[in-house]
Amino acid sequence: MKTFRTDEVETNALNNVNLEINEGEFVAIMGPSGCGKSTLLNILGLLDNPTSGELFFNDAQVDGYSERQRTNLRKENIGFVFQSFNLIEELTIYENIELPLLYMKVSSSERKKRVNEVLDRMKIAHRTKHFPQQLSGGQQQRAAIARAVITNPKLILADEPTGNLDSANGEEVMNLLTQLNEAGTTIVMVTHSPSDADRSHRIIQLFDGHIVTENMRQKL
Amino acid sequence: MLKIFLNTVFRKLYLQKGYSLINILGLATGITCSLLILLWVEYELSFDSFHDNKSQIYSVYENQTYADGEIFTVYATPAPLAIKLKEDISEIDKATRISRTWGKLMLTIGGSTFIEGSGLCVDTDFFKMFSFSVLLGDPNLVMPDERSIVITEKMSKKYFGETNPLGKVISINSNINYHVSAVLKDSPKNSSLYFDYLLPFNFIKENWSFNLNNWDSHAFLTLIQVKKKTYIPGLETIIKPYIKQNLEQSNADLALQPFTDYHLHSISGKKLSPILYVRIFSLVAFIILLIACFNYMNLSTARSERRAREVAVRKVVGAHKRGLFALFMAESIFISLLAFGLAIVSVELLLPFFKELTQRDLSLKFSDTTLLLSFAAIVLFTGFISGSYPALYLSSFKPIRILKGKLYSDSHLFRKLMVIIQFTISVGLIISTSIIYKQLDYLQDKDVGYQKDNIIYIEMMDDFHEHYSHLKENLIKIPGVLKVTAANQMPINFSNSTSDVSWKGKSTDADNTLFQLSFVDYDFIETFEMEVIHGRAFSSKQGGDSLKLIINEAAASAMKMSYTIGQKVKIWEYDCEVIGIVKDFNFNSLQVGVKPLIMLIISDEFKYIAIKTDGNEQPIINKIGETWKKCYPKIPFSHRLLRDDFSYLYKAESRMSSIFIAFTLIAIIISSLGLFGLSSYIIEQKFKEMGIRKVFGAEFQHLFKSFLIRFLRWILLANLIAWPTTYFLMQWWLAGFAYRIHISWFEFLGAGLLSILIAFITVFYQTYKISSITPIKAIRYE
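Top line first, the protein sequences correspond to chains A and B. Residue numbers for the first sequence follow this note's numbering, beginning at 13 and rising by one. Residue numbers for the second sequence follow this note's numbering, beginning at 201 and rising by one.
None of these hints come from the bench; they were simulated from the model. Only a predicted model underlies this, so the values are computations on that prediction, with no experimental measurement involved. Glycine included, each C-beta is placed from N, C-alpha and C at the ideal position. Among the hints, a few may not be true.
What the hints assert, rightly or not - Pairs of lysine to any residue, SDA-like flavour, derived with a Cα cap of 25 Å:
| id | chain 1 | residue 1 | chain 2 | residue 2 |
| --- | --- | --- | --- | --- |
| 1 | A | K117 | B | S906 |
| 2 | A | K166 | B | S906 |
| 3 | B | K905 | A | E101 |
| 4 | B | K672 | B | D844 |
| 5 | B | K616 | A | I100 |
| 6 | B | K598 | A | E79 |
Stated by the list, open to error - Some chain A residues near chain B, calculated using beta-carbon distances under 8 Å:
| id | residue |
| --- | --- |
| 7 | R86 |
| 8 | K87 |
| 9 | N98 |
| 10 | L111 |
| 11 | R214 |
| 12 | I215 |
As the list claims (entries may be wrong) - A few chain B residues facing chain A, derived, Cβ under 8 Å:
| id | residue |
| --- | --- |
| 13 | G518 |
| 14 | A519 |
| 15 | E889 |
| 16 | I892 |
| 17 | R893 |
| 18 | E899 |
| 19 | H902 |
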């Protein structure tokens with residue numbers, strides 16, 4: 013359960029959510045605005061703590077983890093992709109992508125190798141010295157995905173990754189995510205788009221903090 | 201409309217209580233300091249401005265040129281000058297000589313004797329030139345004859361109580377009787393001419409048999425009043441050679457100084473002008489106010505994101521940029537008005553302490569229009585300066601961008617500039633405060649070359665010389681008294697000098713060398729523990745040392761006879777012989793330095809008895825008082841301590857430095873607070889970036905490091921600007937002192953480290969505060 017409190021109001025953002033996600037799965041979370049999609053994603057990503065309940069990651073119970081433990085677990089295992097990209101404006105594309113490696117204390121030669129590799133894979137190698145605002149939305153989101161995958165995470169959490177993109181760019185981003193999943197990365201994606209959700213193995217419908225349906229799709 | 205405005209402003213102030221408090225308190229502190237300084241500056245500038253004829257009155261002063269090309273600038277002029285100028289030059293309407301009475305006078309009123317110090321001898325034009333109000337007596341004939349004395353209200357009350365003093369007799373030095381001819385209102389505190397009583401100028405001739413026709417004796421203040429209110433271009437040229445015209449061999453040229461400059465402008469280029477302090481303090485006041493405004497700007501812009509939505513909504517529903525700008529300006533002027541109200545209260549509360557500190561009779565006069573106008577100017581200035589940037593910044597927000605959640609469109613340049621300017625000012629203030637403090641401390645503690653502790657001295661009245669040896673015999677018997685001596689002046693301020701000195705082999709270019717002349721008794725050298733480096737001190741054995749000289753090193757080098765004891769030297773008509781050389785000691789303010797000095801024994805000139813004690817002062821003073829009573833039952837005993845007089849020499853400086861240090865400390869505190877606010881602002885703006893970094897694995901130390909590096913770059917730049925600027929400013933200030941400290945790298949490094957420390961604490965606190973928030977708060981965009 014996740015409860016938000018302000019001075020006067022107590023809101024249960026998530027209530028009685030029971031969910032298991034397997035390694036290698038591609039899960040889409042859908043539902044109307046305010047149903048708790050992003051809250052769920054943030055809890056899965058250890059960015060937020062549940063008010064009550066249990067959370068396991070790789071069979072380890074993590075809901076009682078300290079800030080430091082969560083940071084460590086996060087930086088080694090989880091990559092994030094956001095609707096608004098969340099690239100740091102003062103850093104170049106190269107530096108943005110390199111950022112997680114810096115915090116993992118990866119050597120500079122290794123960083124260079126890995127950043128260049130992923131830049132090639134995301135087809136933005138020609139944009140390395142540019143700043144985020146100089147890039148198109150699609151390019152920015154590819155850079156954000158590059159940043160998410162640079163640490164080879166087991167899990168990628170994507171919060172409406174195509175929400176700010178036109179259909180062609182959205183399509184391209186979805187292709188990238190699908191490829192990553194096919195290569196073995198677990199993906200959990202919040203989306204409003206049924207066509208994006210079609211790429212997943214399982215669709216979870218949330219309403220007012222509850223899971224209303226879980227559709228297992230054919231592809232599994 | 202006004203009601204709505206006030207309503208929203210108060211609601212905003214209330215909703216952001218902490219922020220409003222910091223903002224208003226910060227501004228109020230700044231305004232309080234500026235107001236206090238403003239009051240002081242206004243007071244200093246008001247000196248002598250109460251005279252109706254102030255724009256027509258000038259002081260005549262001398263530039264005396266000496267052998268080494270040195271120019272000695274003094275107000276001391278010959279006695280006949282004033283009358284001669286008035287006679288000869290048609291533009292000059294009135295003229296007066298002014299002289300302080302030479303030492304204290306003994307006044308006998310109704311059979312009782314009192315000692316009074318603050319008397320002036322003046323010519324009758326004095327009363328027509330200066331606007332001292334006449335309370336009793338004929339305003340047109342204040343000093344009708346040579347036997348008139350004019351007293352102040354204070355003195356009248358003191359000696360005559362409520363009775364009418366006009367016509368009453370005051371006998372001076374028990375030989376001449378004067379009649380009170382008028383009572384003047386006490387001279388205002390902001391008057392350079394300060395007195396308790398006025399005597400006819402001729403008193404100097406009558407009492408001290410001084411030749412008032414002598415052009416070669418420079419001793420009196422000459423003040424003239426010209427006919428026209430406007431400056432007379434040729435006048436100074438006409439006056440310049442006046443002494444030389446009357447005394448061929450003179451080395452003095454005359455010059456004019458407007459009387460209104462008398463208090464604040466030093467005529468000598470070598471001495472620090474008090475106007476310098478007025479300027480420095482005005483600058484400090486301005487800087488403090490500016491820093492306070494900067495703080496306001498920073499804090500309001502820092503809070504701007506909270507107001508961004510307000511701006512956007514106002515714009516969407518039809519507000520124009522200009523209207524919004526006016527609204528925000530009105531808000532900040534209103535806040536500065538609140539701060540000003542608070543400041544007025546604090547000024548009233550602090551004024552007694554500030555008066556004590558400045559030794560000035562300051563007050564907040566709301567009837568003073570200049571003051572009221574300055575107040576209005578301060579409120580508008582503060583409100584305008586502090587409101588301008590936030591108003592401009594806020595009103596130019598693009599509503600669509602804000603409603604979409606995008607905010608920061610400005611270039612950050614302004615903000616960086618603010619941090620750098622503020623750090624530069626802080627660093628500069630820290631360095632200069634510590635240097636000024638060290639210099640003044642150094643002057644107070646510098647070894648002046650003679651003993652100034654444990655010395656009590658007594659000023660003697662005119663006819664006491666004959667009793668001196670008797671008194672000395674009795675004084676030396678008092679237990680604890682180590683030495684007793686006499687002299688015409690005390691070493692703290694030697695003022696007698698002559699250039700009429702000749703010696704064998706004297707070159708013509710040494711003709712105008714000025715020698716300080718001191719007439720001392722045996723034991724003088726020993727009492728003041730001066731160091732004899734060649735020859736010997738005066739000795740009463742072997743028939744005494746009359747016409748024997750002891751000179752200082754500076755005089756020896758001026759005479760080019762550093763090792764020659766027994767040299768013959770002629771002073772005036774006396775043939776003398778050098779018997780000793782003493783190590784240079786400082787007999788003037790340390791601002792001036794050491795001048796050539798000749799000491800010889802002429803007992804007729806003695807004016808002071810100096811008594812060296814073993815340090816157990818109070819009982820000894822009591823004993824001296826008893827001895828005095830026995831010898832002179834009619835004359836009140838009064839004494840001084842040399843140590844106190846020495847401190848008094850630096851009183852102006854030390855007072856200035858305490859004020860300066862107090863205000864710079866406040867400036868530094870306000871500035872540090874501002875930096876704190878500013879860094880909060882910058883870090884708050886980086887809130888989202890920090891969130892992103894945290895999502896991707898950044899921990900506290902990473903974030904701290906990245907901010908610290910950013911701030912350190914700016915601080916380094918600020919130090920680079922502040923160091924050389926302050927260095928040159930301080931060099932310039934120190935150049936005004938003959939004895940000065942060397943500026944060491946320590947102050948600079950210290951200030952640098954302090955600024956880093958401030959940054960470190962601020963960044964640490966802010967990073968800690970912000971990094972404990974879960975990152976999703978920062979990156980949430982819905």
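Against the structure, test the hints numbered earlier, and report the numbers of the ones violated in rising order.
2, 6, 11, 12, 13 and 14
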